[in-house]
Every structure is written in structure tokens, then in C-alpha cells.
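Colleague: Quick note, the sequence shown lines up with residues 1 to 404 if you use the UniProt record's numbering.
These are calculated hints, taken from the structure and not from any lab test.
All residues carry an ideal CB built from backbone N, CA and C; glycine is no exception.
It is possible that part of the hints are untrue.
[As the list claims (entries may be wrong)] Listed below are the simulated DSS-like cross-link pairs for lysine-lysine, each with C-alpha atoms no more than 27 Å apart in a straight line: (1) Lys63 - Lys91; (2) Lys81 - Lys63; (3) Lys368 - Lys181; (4) Lys122 - Lys63.
[Said to hold, decoys possible] Quick list of simulated restraints, FRET-style, between CB atoms: (5) Asn118 - Leu367: 32 to 38 Å; (6) Gly370 - Glu155: 55 to 61 Å; (7) Leu239 - Asn118: 38 to 44 Å; (8) Glu348 - Glu45: 33 to 39 Å; (9) Lys101 - Glu60: 17 to 23 Å.
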Amino acid sequence: MFKSTGTEPSDINELLSKSQYNNNLLARKVREGARDLLLESKNNELLDNDSLAELWNILEQHKNPDPGHGKNYITYPNFLKAKEEVCLKAKRFFTATTFAKLCHGDRFSRVNILNFFNYVMKTVWLQQTRIGISFYDESGEGYLREADLENYISELIPSLCKVSGLDEAFKPFYVCTATRKFFFFLDPMRAGRVRICDILACGFLDSILELRETTTPQERLEINWFSLESARRVYASYLRLDTDQNGMLSRQELAGYNNGSLTDVFLDRVFQECLTYEGEMDYKTYLDFVLALENRTEPQAIAFLFRIIDLSGQGRLCCQTLEYYFTAVQARLGDGPDVPRFCDVLNEICDMVRPQNPDFITLDDLLKSGKGDTVLGVLIDIQTFLMYENREALAAGLGSETVI
1 MFKSTGTEPS DINELLSKSQ YNNNLLARKV REGARDLLLE SKNNELLDND
51 SLAELWNILE QHKNPDPGHG KNYITYPNFL KAKEEVCLKA KRFFTATTFA
101 KLCHGDRFSR VNILNFFNYV MKTVWLQQTR IGISFYDESG EGYLREADLE
151 NYISELIPSL CKVSGLDEAF KPFYVCTATR KFFFFLDPMR AGRVRICDIL
201 ACGFLDSILE LRETTTPQER LEINWFSLES ARRVYASYLR LDTDQNGMLS
251 RQELAGYNNG SLTDVFLDRV FQECLTYEGE MDYKTYLDFV LALENRTEPQ
301 AIAFLFRIID LSGQGRLCCQ TLEYYFTAVQ ARLGDGPDVP RFCDVLNEIC
351 DMVRPQNPDF ITLDDLLKSG KGDTVLGVLI DIQTFLMYEN REALAAGLGS
401 ETVI
């Protein structure tokens, strides 16, 4: 028998645990170092400002002015001559495929040099952005988790002149507001991560980078979800609803949303289906709720609302479910003679959606019909229902204003 070393099993487990932690930490550091080197090398392959200025000068030298349109074009032979003069980094843009795409529609088979230059600029910007975002991809798998995207947006803020008035106390709420839009639309399965390629393709970054421009008009800022004005508007609505000022929204408090236009049964379902804490909604869940209601025509918003009103959880809205929600609408409208019967509303819904199965409506039916926002709206929102019921009168009023 071996003599006891005096080391208890618990001590051995602790040593093994520390060793495993150190190995994992070392592997992570090596992976991050390799990633950073790769991204730096990719960044060095991109055109810098001096190279772009040189490219423009060369294009100017080989242009063919069009006096009739006041635009400058380049022919394919001159395009090839320009390729010989540009720097090595820029040569990859001078391909026959690129020229063919950009000259489409020109009867002389020329390319507008400004269009070509903008194409190069846009490509370089996308690649720079791809590289910049990838520094926040800790796993190296092409995804960003919520914390990763929050860090990226936080570091973008100093470069956004239209967000320069952001105070430190509001910064976490601004970052949360901006991040939630990415996850609401790009992570419909709620996996907790979004693909970097989807971030680049969706166009949201364009809306953020619009905030760098000092000339962006106020009207644009008000409809830009990522603007400081929009973030303050949404946060202010949350504070107004939070009447007990505990930082969370109860079912009763959320009932005041949009001047109390949402029906009680829908609000009940919101609190049954959405993530809550001891029966109350936090700001992050409220943002998803607002994004769904303010973007009802979008497939992700329709899917979000469909999941809430689907009583059976089987992905279908049967006649009984539709009647359940419409009864709440009728209750808010009262017993007047003008209140429509459910059978009439059901027929209108079926005419709009034309479901594959006459016994129920699926999410796919709503999306294919292009009327999903209208159908869901008349079932959950009194204001939407009244606007739908009076659509002909409203259209006539708008028409008369146009004539005037």
C-alpha cells in the first residue's frame, strides 16, 4: 500500500478545478490573440483615406464627360487603364463583373465614376465595420451576444455627434434601447445571440451611423429608433406608466399604454407569455413590447404578437380564439347598434387572410396575406379597430383634402 500524502480528495478536486480554469483562460487568451492578429491583417488590406483620394484622382483622369447630363463616365478600356495605375489594394475592385453590374442600363456601356467610387467606399466601410464588430466576438463563431453588442454600441457613442448630449445616467438605458432592436428583429428564436452577417445586412447600422452627420434633419431623428430623441421618448413613456415608481410595470400600469387602447384579455396574455419578474415587466421586456406594436407590419412583430394571442400554443387561431379576443373589443365598444357582430368580423378576417384551412388561421397565413397587422390590430387594440371600421370615411376625408 502507498502511504498517504496527506492531501484530501477535496483538495485534489480544487487543484484540478484551478488547473482546468487556467487552461481554459490560456486557451481563450491564445484564441483572442490569434483573432486580433487576423483582424489587424485584414484591416491593413483595406483602402485608407489617402488611397481613396488617389483612386478618385485616377478616375478623374480617365473620365469621359457627358455634356448632356453633367455626369462623368468611364469606358471599359479606360477602366482597364485606371486599374494599371491604382495601388495594389484597389485593383481587386476593377473587375469585369463589377463593371458589368454598374454599367447596366447605360446604352454606351459606361460606368458613372461617382457610382463606382461610392461602390468602393461602401464596400470598404462594410469590411471595416465587419472587422470592427468582430473584435467583440469573444467566441470567434461569427455571433454577438447581448453584452458584446452593448459594448460595441457603447464604444460607438463618442463618434455619434447627434448623441453627444447623452448623460452618463441615461447611457445604460440608451444602450439597452439600441441593442434590443437588433435582438428583437435578428434573434426571433430568442437564442441570445445574433449573427454578425445579419447585423451588417439589416441596415440598422446605417441608421446608427446617420447620427454621425451634423446635417441630419430633426424629422429624420424623430423616426430613427437609435436617436437620442427616440430613446428618450420610449423611456419617458415607461416612466409615465410606472406610477408606483418601483422601476417595473404591473399589469394595471401597462394598461395605460397608448391611452388605454389595448384590451384587457390581450394585456392578460402579455403577462402570461412575456418574461416578467414577480408578475411585473422590466424595461427590456417593455422595449420588445413597444417594438412589436410600433412595427406591426414586420414579420417579427407579427410573430411576436401571434405568439401572445395563441391561446392553445399550437400555432393556430381557431374561431373560438378569435371570438374570445373580439368579445373584449365589443365590451369596450358598448351595446350600441353600430357595434358589429362577431360573425361579420370573422367573415372579413377570413376574406383578408384566406387561410389554407378554413377552421383556423396560422402565422404563415397571416404573413402570406399581407394583412397580419390589420387582423391582429382589430383583435387587440380599440383604436386600430375603430380606424378599420371607419376606413372608408377616413379615406374619403383624405381624398377631399387632396382635392382642396
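Colleague: Lying within 32 to 38 Å: is that true of the beta-carbon distance Asn118 to Leu367?
Modeller: 34 Å, holds
Colleague: Take the C-alpha atoms of Lys81 and Lys63, compute the straight-line distance between them, and say whether it is at most 27 Å.
Modeller: 11 Å, holds
Colleague: Measuring from beta carbon to beta carbon, are Glu348 and Glu45 in 33 to 39 Å?
Modeller: Given range 33 to 39 Å: violated, Cβ gap about 58 Å.
Colleague: How does the Cβ-Cβ distance of Lys101 and Glu60 compare with 17 to 23 Å: does it lie in that range?
Modeller: This hint holds: roughly 22 Å between Cβ atoms.
Colleague: With 38 to 44 Å as the target window, see if Leu239 and Asn118 comply at their CB atoms.
Modeller: 43 Å, holds
Colleague: Compare the distance between the alpha carbons of Lys368 and Lys181 with 27 Å, and conclude whether the hinted pair is satisfied.
Modeller: 24 Å, holds
Colleague: Should the hint that Gly370 and Glu155 are 55 to 61 Å apart at their CB atoms be regarded as holding?
Modeller: 40 Å, violated
Colleague: Quick one, are Lys122 and Lys63 close enough, alpha carbons at most 27 Å?
Modeller: 21 Å, holds
Colleague: Keeping to a limit of 27 Å between CA atoms, is the pair of Lys63 and Lys91 held or broken?
Modeller: 17 Å, holds
Violated hints, listed in ascending order, are 6, 8; each of the other numbered hints is respected by the structure.
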